[in-house]
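Number of protein chains: 2
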Amino acid sequence: MLIVQKYGGTSVGGLDRIESVAGRVAKAKRDGNSLVVVVSAMSGETNKLVGYAQHFSKTPAKREMDMLLSSGERVTAALLSIALQEMGIDAVGMTGRQAGILTDINHTYARIESIDTTTIKRELDSGKVVVVAGFQGINTTGQVTTLGRGGSDLSAVAIAGALDADVCEIYSDVDGIYTTDPRIEPKAKKMDFISYDEMLELASLGAKVLQNRSVELAKKLSVKIVAKSSFSDAEGTVISKESEEMEEVLVSGIALDKNQARVTLREVMDRPGIAAEIFTSLADEQINVDMIIQNASTDGTTNLGFTIPSSELERAREVIANFSHDYGAVDYDEGVCKVSVVGVGMKSHSGVAAKAFSILAKNNINIEMISTSEIKVSMIIDEKYGELAVRTLHSVYDLDS
Amino acid sequence: MLIVQKYGGTSVGGLDRIESVAGRVAKAKRDGNSLVVVVSAMSGETNKLVGYAQHFSKTPAKREMDMLLSSGERVTAALLSIALQEMGIDAVGMTGRQAGILTDINHTYARIESIDTTTIKRELDSGKVVVVAGFQGINTTGQVTTLGRGGSDLSAVAIAGALDADVCEIYSDVDGIYTTDPRIEPKAKKMDFISYDEMLELASLGAKVLQNRSVELAKKLSVKIVAKSSFSDAEGTVISKESEEMEEVLVSGIALDKNQARVTLREVMDRPGIAAEIFTSLADEQINVDMIIQNASTDGTTNLGFTIPSSELERAREVIANFSHDYGAVDYDEGVCKVSVVGVGMKSHSGVAAKAFSILAKNNINIEMISTSEIKVSMIIDEKYGELAVRTLHSVYDLDS
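As they're listed, the protein sequences go chains A and B. In terms of my numbering, the first sequence opens at residue 1 and continues consecutively. In terms of my numbering, the second sequence opens at residue 1001 and continues consecutively.
Derived by calculation from the structure, the hints in this document are not laboratory data. Errors might be hidden in some of the hints.
[Claimed, not checked] Listed next, the stretches of chain A that the computed footprint assigns to chain B, with coverage defined by at least 3 CB atoms under 8 Å from CB atoms of chain B:
#1 75 to 84
#2 91 to 104
#3 273 to 280
#4 288 to 296
[Claimed, not checked] Partner residues aside, some chain B positions facing chain A, computed with beta carbon under 7 Å:
#5 Gly1014
#6 Leu1015
#7 Phe1056
#8 Ala1061
#9 Leu1068
#10 Ser1071
#11 Gln1085
#12 Gly1088
#13 Tyr1385
#14 Gly1386
#15 Leu1388
Even glycine gets a Cβ: it sits at the ideal position worked out from N, Cα and C.
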């Protein structure tokens, strides 16, 4: 098999951990596999370097930040290569540039545009384990770029896609994706399989494991991901295309997102283009609007409600203060959270949403906003009921057993 | 003026130090100069990374060591650029690759083959301060290479040569070159000028300031160096071509090298080619032979004496044990040191050497070996008299005043 493995910061957090990862890579190689290994910076390194830069500037130049931050992954790649060589495994370390990763020009959050796999393939063909510094590439003018936080996952998935690898194993300190956050519901179980779309909807459950951008890319490139722990030999969770097996499962997981704030604009003049104006202004300020609800108009005005991450509320206030068009009043509510029920089985089973609404009602939990998709029901509720809602839903969809 | 500045490890040893260097660079820029600044890794970083690698292997692959070690200079270059930008100075950080530094293929001790100054010149022309990560380049196959310890000096001198800069300022924590080691003779004085050749002969006096390889390169490229301290505003020492001014000074400095061992092969069969064989064998093992003395042959055999660095004595013993040709006996003496009197003025003044011999004799210091060049007299003496010899010579050549 051709396997791409990616080891995150805690997996390579110290010299002993790098040694352990080398052992894992060596075993996979000796089992007859071809291997590309993508590594993050040792945990703490990137934050240390960011701290250094912030000593000098609140807004350090992004180009220089990329030059700075890309150094951490190079160190890990070199050290892991050396550790492998010492174990008798022929290994070669590569920077993002050497691995052929070409990005666009956007420093600190570049997108991978293409991967020239010539060098990687040549080294694989000669029997070497290729160790690649994750999180980085170069753009067409030869500048070093980085892919944003969690960028090593992107590097791994993109390389797996470009090489048409059999699997992309993403290693962290968590052994997979759970049906809900085990800190909220100890009965949460690790899933064996989950579809890309479910994973995207359950983003908060996977936050520590892999970032949504890499799931999106994996879906686009049809890369099969296995999320595993580098601290155990547990099986992990497969993230792949929907299968018949998956569709038998009604609900896969329950996610809770407490980083939510609700904004309600009341008595907005109901004329065409108003919503577009408002949300364009917010988008221009990189404010991520999640759920949007507009009530039917009665007296020529309407109420427009939407949610945004709490951390973006201050900026949203500024944008709204500058709106040129008429509205009666605006409410902000930081005391809300979003509970989501996710599962591909919902496509072919009716009544999933109704079941959620009725069980929450039975527990006297008021639903303030609702948004649904083919595989998801999300509800905005009072923040203090978040954990209760998760446990209640986890139980009612038989995820406890 | 077009100035290349190079800041060594202690000069950029912490965030406060980098800030201080940024202030110095900013001032030079505001004074109207064009500036390329070459930086080393923060002091301790390179040793830390070497230690990491040695955790895994006693003999880590050189290619991966270069990938590892080159990261330290990138960090400093990025941080200094950010610090300068914050001070309102337009600065751009560059890796060795981006600065156009092309080397041969020898990892960990590569030689600079050429510098493509296109990018540096373009940035200088647009008014930017160019900050370059020292110690590194790439070879023709795109691999990252490093230039060996002290390699940032080489980067700076090579860039200064390629740009035809007015001066290359090498900053360290020492404010110049002294007439002798001030720890041995407190009356030692800082020199204002010294020629390349004198500097090369006084290597041990400049060891903490700049490496001989960079002095050789500076001589070859006619780059004027100023060795200065980044911790003070003292003037520093100019290292350049000989000038008439210099030749008026009889003796520039006195150097002491305690890292010396003497080897004497007795009763070597005196036939053509023997010396060549012996020294070729030693050179093949990278043993640096310094002084060589062969006595006139009397009975068809000769005594062959030479000195090598003490640290290479063990390897020399092995080489000599394997000599195929006849000799009577071999002596090794680690208890010796080399005292050198250096000055371009010696070219045009006779009696300099005689003065050294007689003052040492007057102090009952026996001279075991002598080697002279146009601008140097070196003497091998008993190690315990080293400091006394230095102080005596420093005084007799009027360097104390």
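Taking the hints in turn, this is what the structure says about them:
no. : hint       : result
1   : 75 to 84   : holds (count 7)
2   : 91 to 104  : holds (count 5)
3   : 273 to 280 : violated (count 0)
4   : 288 to 296 : violated (count 0)
5   : Gly1014    : violated, 10 Å
6   : Leu1015    : holds, 5 Å
7   : Phe1056    : holds, 4 Å
8   : Ala1061    : holds, 6 Å
9   : Leu1068    : holds, 4 Å
10  : Ser1071    : holds, 4 Å
11  : Gln1085    : holds, 5 Å
12  : Gly1088    : violated, 11 Å
13  : Tyr1385    : violated, 46 Å
14  : Gly1386    : violated, 41 Å
15  : Leu1388    : violated, 48 Å
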